[in-house]
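Enquirer: Two chains, each in its own frame: build the complex with the hints.
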Amino acid sequence: DTGVSQDPRHKITKRGQNVTFRCDPISEHNRLYWYRQTLGQGPEFLTYFQNEAQLEKSRLLSDRFSAERPKGSFSTLEIQRTEQGDSAMYLCASSSGPSNTEAFFGQGTRLTVV
Amino acid sequence: ILNVEQSPQSLHVQEGDSTNFTCSFPSSNFYALHWYRWETAKSPKALFVMTLNGDEKKKGRISATLNTKEGYSYLYIKGSQPEDSATYLCAFIVNYGGSQGNLIFGKGTKLSVKP
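Residue numbers (this note's numbering), protein chains in the order written: chain Z, 1 to 114; chain E, 1001 to 1115.
Bound-form chain E, shown alone (with noise of 0.2 Å):
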């Protein structure tokens, strides 16, 4: 079974404050990771489709880095706002045969920032 980590579970931090978070997967069968944004009572969001070793993506204050050999990608945010308080799942898509196959989730990291 893949399995995919993230970690930490939650983190309560200060607005201004900048964050990180770590998504790990497994280094084999690498098709593509995505990270999303998941509002509570609204459905998760894109933020990120990253492809390639060394990717590097930005949007805003929210940035995201790729390693594929060595399976992880960190999420960053600088300077949090309350409007960034969410839920940050990443998710490993699967290679099958040269396809982009299923899509595995981690648990997801629960930001809250605080005014």
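Looking at chain Z on its own, in the form it has when it is part of the complex (with noise of 0.2 Å):
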């Protein structure tokens, strides 16, 4: 399967715990993007990494989530000190660039905080 590829597909966690999702994008694509989305929501933008820099985190995330992209290559997505808010679908995307391509998905990572 060559698509972008989400690990867990679904997490439960108590509140308070760290929790820890991964994304390999698909490969050769420079770009991966993070959205959160909730019920009834669109995709709302966490962040994005251009190669290993990330380039733009959203002013709504708070210091618990950070993400990473070490190499390159696939990106890890952490949040720490869960909270009962944060319970959503948390998606990853991938795109080739430079420009006015399309972004591929994952099939996302469900996150229940209970």
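Keep in mind that the hints were calculated from the coordinates and are not lab data.
Note that the coordinates shown come from a computational prediction; the quantities given were computed from them, not determined experimentally.
Hints should not be assumed to be uniformly reliable.
Said to hold, decoys possible - Below, simulated DMTMM-like cross-link-like pairs (lysine to aspartate or glutamate); rule was C-alpha separation at most 20 Å, straight line:
| no. | chain 1 | residue 1 | chain 2 | residue 2 |
| --- | --- | --- | --- | --- |
| 1 | E | K1107 | Z | E102 |
| 2 | Z | K57 | Z | D86 |
| 3 | E | K1042 | Z | E28 |
| 4 | E | K1110 | E | E1015 |
| 5 | E | K1114 | E | D1017 |
| 6 | E | K1110 | Z | E44 |
| 7 | E | K1114 | E | E1039 |
| 8 | E | K1045 | Z | E102 |
| 9 | E | K1057 | Z | E102 |
| 10 | E | K1107 | Z | E44 |
| 11 | E | K1042 | Z | D24 |
| 12 | E | K1045 | Z | D86 |
| 13 | E | K1059 | E | E1039 |
| 14 | E | K1042 | Z | E44 |
To be verified - Ranges of calculated distance between the beta carbons of each label pair, as one might list FRET restraints:
| no. | chain 1 | residue 1 | chain 2 | residue 2 | range |
| --- | --- | --- | --- | --- | --- |
| 15 | E | K1058 | Z | I12 | 14 to 24 Å |
| 16 | Z | R9 | E | R1061 | 38 to 48 Å |
| 17 | E | L1052 | Z | T112 | 16 to 26 Å |
| 18 | Z | E56 | E | K1114 | 14 to 24 Å |
| 19 | Z | P70 | E | K1058 | 40 to 50 Å |
No residue lacks a Cβ here, since even glycine has one placed at the ideal position from N, Cα and C.
Expert: Okay, structure coming up:
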């Protein structure tokens, strides 16, 4: 499968625990995006990378969220001290650049904080 | 904060009906506009990538138009089929100094087509 893959697909965690999600983009794609989606809303931007550089991070994102893309390939999104409001679908997408190209999405990680 | 609005939020139509949705976006800092289709339990898939004012794109029964000066795009579905049932998202791509920036999504239009 050469699409974007995300792991895990589902995660249930207790409030206060840390969680980490992984995204493997399509190989050769230099851009990688993280989004969060809650019921009735469109995907909300969290952050994006071009190669290993994190170019933008949403101001809506608290300091509990951090993302890395250490070698410009896969990326991880960590949420520290999870809260119930963090329950959402976390989507990863990648695109090849340099411009005007569609984003290819993974199937998402569904996080439930109890 | 850049805002992308889609209307209507949801739409219920009968098989064979034609429908259209609207996406409104900022008329400044425009780089491109994308339309995505998101079926339940699947990942969003791109329908159209549009960049030029006046662009019209077509794929089968689905077509889209773009007006960057007034900041809107329309998506049309001719002769809706039950398999067209999905959420349709538009994404505004920000122009950051001539390069592609972030994708900002609207909330989507959820289409249900009854047989």
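Enquirer: Hinted pair, alpha-carbon criterion (20 Å max): K1114/E, D1017/E. Please report holds or violated.
Expert: holds (10 Å)
Enquirer: Verify the proposed pairing of K1042/E with D24/Z, using a straight-line Cα cut of 20 Å.
Expert: With Cα atoms ~17 Å apart, K1042/E and D24/Z stay inside 20 Å; holds.
Enquirer: Straight-line Cα separation of K1042/E and E44/Z no greater than 20 Å?
Expert: Judged against 20 Å, a Cα distance of about 18 Å means the pair holds.
Enquirer: Between K1042/E and E28/Z, is the straight-line Cα distance small enough, at 20 Å or below?
Expert: violated (23 Å)
Enquirer: For the pair supplied as a hint, K1059/E and E1039/E, is the alpha-carbon distance within the 20 Å limit?
Expert: holds (17 Å)
Enquirer: Would you check the hint for K1110/E and E44/Z, treating anything up to 20 Å between C-alpha atoms as holding?
Expert: holds (17 Å)
Enquirer: Does D86/Z sit within 20 Å of K57/Z, going by the straight-line distance between their CA atoms?
Expert: holds (17 Å)
Enquirer: Does the Cβ pair K1058/E, I12/Z satisfy 14 to 24 Å?
Expert: violated (44 Å)
Enquirer: Holds or violated: K1045/E with D86/Z, Cα cutoff 20 Å?
Expert: It is violated: about 25 Å lies between the C-alpha atoms, which goes past 20 Å.
Enquirer: A range of 38 to 48 Å was offered for this pair. Does it hold for the Cβ distance of R9/Z and R1061/E?
Expert: For R9/Z and R1061/E the Cβ distance comes to about 32 Å; the hint is violated.
Enquirer: Would the pair K1057/E and E102/Z pass a check requiring their Cα atoms to be no farther apart than 20 Å?
Expert: Holds: K1057/E and E102/Z sit about 15 Å apart, inside 20 Å.
Enquirer: A range of 14 to 24 Å was offered for this pair. Does it hold for the Cβ distance of E56/Z and K1114/E?
Expert: violated (41 Å)
Violated hints, in rising order: 3, 12, 15, 16, 17 and 18; the structure is consistent with all others.
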